[in-house]
Every structure is written in C-alpha cells, then in structure tokens.
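Whole structure, please, built from the sequences with the hints as guidance.
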Amino acid sequence: MSRESILTRIRAANTAPAQPPLKPHAAPASLNSSGAGAIGRFRTTAVAKGVTVVDVDKPAALPLAVARTLTATNLRADTIRVNDPKLCELPWHDASLAIARGAADPLDTLTLSSALAAVAETGSLVLGSGPDNPCALAFLPETHLVAIARSNIVGTFEDALAILHTRYADNLPRAINIISGASRTGDIGGRIVQGAHGPRQLFVFII
Amino acid sequence: MKLDTAHFPANAAAALANPRLQSALAKLPGGLVAQRRAAVAAVPEFEALREEARAIRDATLSDLANHLEAFEAKATAMGSHVHWAVDAAEARLKISDVCRSANARLVIKGKSMVTEEIGLNAHLEGNGIDVVESDLGEYIIQKRGEAPSHIIAPAIHLTEADVEADFRSYHTHLNPDRTLGTPESLVAEARAVLRQKFLTADVGITGANFLISETGSSIIVTNEGNGDLTQILPRVHIVVATIDKVVPTLDQAITLLRVLARSATGQDMTAYTTIATGPRRADDLDGPSECHIVLIDNGRTEMLSSGMREALRCIRCGACMNHCPVYNAIGGHAYGWVYPGPIGAVLTPALLGITETSHLPNASTFCGSCETVCPVKIPLVSLMRSWRDRAHDQGPRTRTARLWSGTWAYAATRPALYHLLARFGIAIASAFGRRKGHFRTLPFPRGWLKHRDLPAPQGRTFQQLWKETERGVPR
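From first to last, the protein sequence lines are chains A and B. The opening residue of the first sequence carries number 5 in our numbering; numbering runs sequentially from there. The opening residue of the second sequence carries number 1229 in our numbering; numbering runs sequentially from there.
Derived by calculation from the structure, the hints in this document are not laboratory data. Among these hints, one or two may not hold up.
[Unchecked claim] Distance condition first, Cα-Cα at most 30 Å in a straight line; then the derived DSSO-like pairs of lysine-lysine: (1) A:K53 - B:K1605; (2) A:K53 - B:K1425; (3) B:K1255 - A:K53; (4) A:K90 - A:K53; (5) A:K62 - A:K90; (6) B:K1371 - B:K1255; (7) B:K1605 - B:K1255; (8) A:K27 - B:K1605; (9) B:K1425 - B:K1322; (10) B:K1371 - B:K1425; (11) B:K1322 - B:K1371.
Okay, here's the thing in structure tokens:
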C-alpha cells in the first residue's frame, strides 16, 4: 500500500535519531505589544493595510457608527447580512438599517462578522467559523464589516493562539480565517488592485 | 507538465531576444526585491526568525514519518479523508476518483504548484471534467495554455496589454466595445466571470502551504481570497499536498508564516491565511460537506536520502528567483518545467533525474543571492554544485567539454605540473595584456568577450602571491 511504502521509505532515509522537540519560542520582541499599546499598534498596522478602523463606545452604539461610516464612504446602506446573535439584537432599526440573518448570499453587498481576536503585530483579524459567523460572510460581499471587542486586541499571533486554545482546546472549527486587509492581486502588470475575489473594502469596529 | 529542460540554452537565448518578455520582466522582480528588503528591515530579529524557521523544517524532516502519522490521525478524527500517493500517476487517479464519486462536472482550483507538477488539469479534462483556475494569474495562463513563469506570480511574464487582448478573445459573451484599459477593469471582469464558476463548481481543489499535525488542519495563504471561495463554496474540498508540507504545531507555523510573506511579497502577512480543519460541522451554515487530503511523495522520499534533504525545507516563497540574475534575465519559462529559478535548478533534477535537466544547475553565476535571502537557509549554491558534479559524472557531455575537464583534472591533481603550467601561462598572458589591463580579443573561446570583461593577469599566480603574503612580503 502507498501509505506503508511512503512511511517505510521515510524511516529508511531517516537513519539519524530524530531531533528533539524545539524549545517553545517567543514572538520577536519588536513585534510584541499589550494593553493600550496593542490597541494603538493594531490601529496603525490595520490602517497601513487600507483598513478603516472605527471606535465605538458600547455595543448598542454599533448600528449608528456603521450607518455613519457607510454614509461617509458613499456606500449604499440598506441591508446587512449578519448572523451573530449578539450583533443581531442591536438596535439596527434606530440607525435605519435592516439586517438579514443566515449564511452569505452571492447577492449580498454588505456583511458583518465578529472576530475572536485582532493582532497588533500585523493588523490582522482572526475569525472562527460556526453558525454565528458562517465563513463566506468574509469572502462573498464587496464590503465586509468586522466587530472586535477592545479586550480581544492582542499583541502577537502567539497571544491570538492562546485565545483560540482557550475557546476550542484541540478541536478547531472548520475554518480559522486570519484576515489582513481587503482582497488584492498584483497579477496584472504588477500593480496592486483591491477586490480580486473577496471584499474590496474592510471596516473594523472596535467596541 | 511537459519537460523542456533539454533546450534550456535555446530557450534562454530566445527569452533574451524577446522584447515583450523583457519589458514585462523589467517591471516586477525589482519591486519584489525592494519590498522584501523593507519588510525584513522592519523586523530586527529577522535573522533569528530565519534560523528558527530552518530549525523547524529540519527537525520536522528528521521525524517526518511520525509527524505524518500524527497529522493523518488528527485529520481523520476531524472528519477529513486522507489519501496517500507514491507518485504523480497515483495522485492524479486518487483525485479523479474523488471527483468521479462526487459526480463532478466542474472543478474550481486555488493556486497549487504541486497540481502543476503532477499534471492534474490535463488528467481531469481527459476524464471529461472542466477545470477552472481561480487565482487571477493562473486563470490568465490557463487560458493561454501556458505554464506559470513564477511560483507566486505565475503571469509575471505578461503585460497589461497581453491580458486585455486575451480577455477580449475569451470573454466573447461580453460587449466587445467595453472599456478594459486598466488593471482595475481587467480584475473586475475576471472577478465577475470567475464568481459564476465558484457558484457552480462541484469540487474545489487547493494546495496547502502547511499541514498541521496537532490540529489535522491545512493552511493556505492567498491575497485574492480565491483559495477560500474554492474551499467554502463547492460541496467537496480536496487538499493536494506533498509530504514535506507537514508542520507539527500551529506555534511553529506562525514562525514560518512570519518569514513566508515577508520573503515572498514583502507583506508582513498575506491578506488571507486560512486554517481549515475537516468538512462543515453539523451546525455550520456553509463550507464543504466533504474534505479530502491527498498526501503525495513523488520523489520527496528519495530527496531525504540523496543529499538533497535541505531542499525539502523550501516553503515556496519565490525569493530565490526574485533575486536571481539569471531568472531576472530570462524569466521562468526558459527553465522548461514547473519550478524555475535556483530552487527549480535544485528540485527539477531531484524529481526528474539529472540526465534531461543538466543545464539547470549550470544556469547560475553562483553569486549566492538566493541563499542570502532564502527564509529557511537552503544552501542552494552547494546543492546546484552537487548537481553539476553528478551531471559531469552521469550526464551527456560534449566531447570538447570532456576533453577540457579531463585535461584540467590531469594537471590539477599533479601540483608540480600545475604550478609550472600556471606560471608559464600567466607570464605569457600578462605579457600580452598587461598594458591595457584587460583583453579585447582572445584566440578562443570566441564570443566570450561579447558580454564580459576578462582582466589580464598581472604576472604572478595566486599561489605565488599567497606564499609571499605568508612570508610577509608587502604587496
């Protein structure tokens, strides 16, 4: 059988003893930050990737902040696809916005997900798939909105892994999506164009 | 894919004489080099990260069988089907079997070098299955019937005007009078055409940048998000990966990701890094219902024991080709197979044998730039040198080449004779060339001076100078 033949050949080639497990590593000091430092650094690194970062006082203020941001960027705002119960229960009607629940539809132009963590070292968002946050929300629309709790903004990817470990132990959800800016391509003439297959624009709301 | 490495000298000459290719090449690698330099400079610990990345790859390879078994066990426990294939033919069969049992008529693909290596698209099409590449660069070259010319920028050899002409001839269902003058409009058109393919495909095939043993996951990185739509939307997801892609822990994958994007494009992180584990869960609203992972050997186990183990550290960033003067002059197609540049000059002979591929390790000035930038410190120059040795021993050589190397070897292994000939030769050459400092013409080899300078020797041999230095004679 192919499996046995491959494993046997590897074992025959690996005549030297296996190297001992590597020492657990720490993130490089220059990439490290925490607390308010991490929040400030996240803002800088995310904005450098073309992400719009908006601060929101409390969850209930999110709908109005979303409406204002959409208006300010000339985006047509009517219906937002969102399925996270904590986000769905917010007063969207007060901001003259409608929400549609469920998985992303190819016709959706605007979706909202909640992130598990945000990483300051690169301005990345970490999303875990599941019924509350179906992962196509992050890829099908032209504009993707992401809500992140201020307390879940961490310094490094090591810190984000710790959050994943607390939440999922050893059994990850189907997809962990680490998102660092909008979809882009440099495949035509070497110039970067946003919105290759995924969102053209990414907005982050820090709550 | 068809092997054309035997015609490397002719292909390289044609590439140098092709003005369109030269204008496309002039634009890109320089930008990638500058972007990498800036990204590396921003992390003072980058050298330590490279060393850590190298250590992770070496330690994993030293215990590869156990890490693969651990990966298989966890991936299976998380609901994936793991398949093993010793070679390209078996891999193609296993993949087409999965497609057949899914009744697939349309397959959408994320970017994957190994599927180029095993010639997957032609095989699936031969089985009556439509295959569409979704990475924009791959889509462009698939339509042209070409191979990628760079492992991360497959259409780097084409200009905007080439792509516009292609889209006008392929997308005949669209208005012929539409404006397509900018990269933005070309990207928008490809997005719309490919979105329909995503939504109707039965099977999505991606490669894997890494396979994680502790979680049974595959990791892919893309900037376009095409790899994600490929794995989310179709009912069946197939991950195709060679056995060297395994990484024991997520922790270690972080280090590799930190050096990967910076080395490849100068980004600190690629736009989308996705850790995918198994099929959709019972309460998920999207994602594939089936997840298959095909683990392919196709020559890697031989590399473990043939002195080419270090090349298996490769994480396919493409930095070696971006920094290679030969690649920059001729582009990727001249190399004649899937993997161009310095890593291709090492991998291709390892996977296909040196007989047909002996030109590739010679397509290097040994300047060493590739080694300096390799994020996992592959000793590319000494690996290429090792292939030159083996090619000399086994490969086809012209009689002239054999005569010269035989004569040189005879002298070089007899020090007294060598010193005598060297002193004699240097004295004559310096008498002819000393006045100008360099030669304008040589009796042989003719043509050498067309592209190069040859400085004239100044009268004494290297060994004479060395002895004088040892004795403390001032120079």
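Right, here's what the structure says about each hint:
1. Between A:K53 and B:K1605 the CA atoms are separated by roughly 29 Å; this keeps the pair inside 30 Å, and the hint holds.
2. Our distance criterion of 30 Å between C-alpha atoms is met by A:K53 and B:K1425, whose separation comes to about 29 Å.
3. A hinted pair counts as satisfied when its Cα atoms are at most 30 Å apart, and B:K1255 with A:K53 qualifies at roughly 23 Å.
4. A distance of roughly 28 Å separates the Cα atoms of A:K90 and A:K53; the hinted pair therefore holds under the 30 Å criterion.
5. Restraint check: the Cα-Cα separation between A:K62 and A:K90 comes to about 12 Å, which is no more than 30 Å; the hinted pair holds.
6. Restraint check: the Cα-Cα separation between B:K1371 and B:K1255 comes to about 23 Å, which is no more than 30 Å; the hinted pair holds.
7. Using a Cα cut-off of 30 Å, the hinted pair B:K1605 and B:K1255 holds, with the two alpha carbons roughly 27 Å apart.
8. Annotation: proposed proximity of A:K27 to B:K1605 holds, straight-line Cα distance about 19 Å (limit 30 Å).
9. Between B:K1425 and B:K1322 the alpha-carbon distance is near 23 Å, which keeps this suggested pair within the 30 Å criterion.
10. For the proposed pair B:K1371 and B:K1425, the alpha carbon gap of about 15 Å is at most 30 Å, so the pair holds.
11. Of the supplied pair hints, the one linking B:K1322 and B:K1371 holds, its CA atoms being roughly 26 Å apart against a limit of 30 Å.
Hint compliance for this structure: every hint is met.
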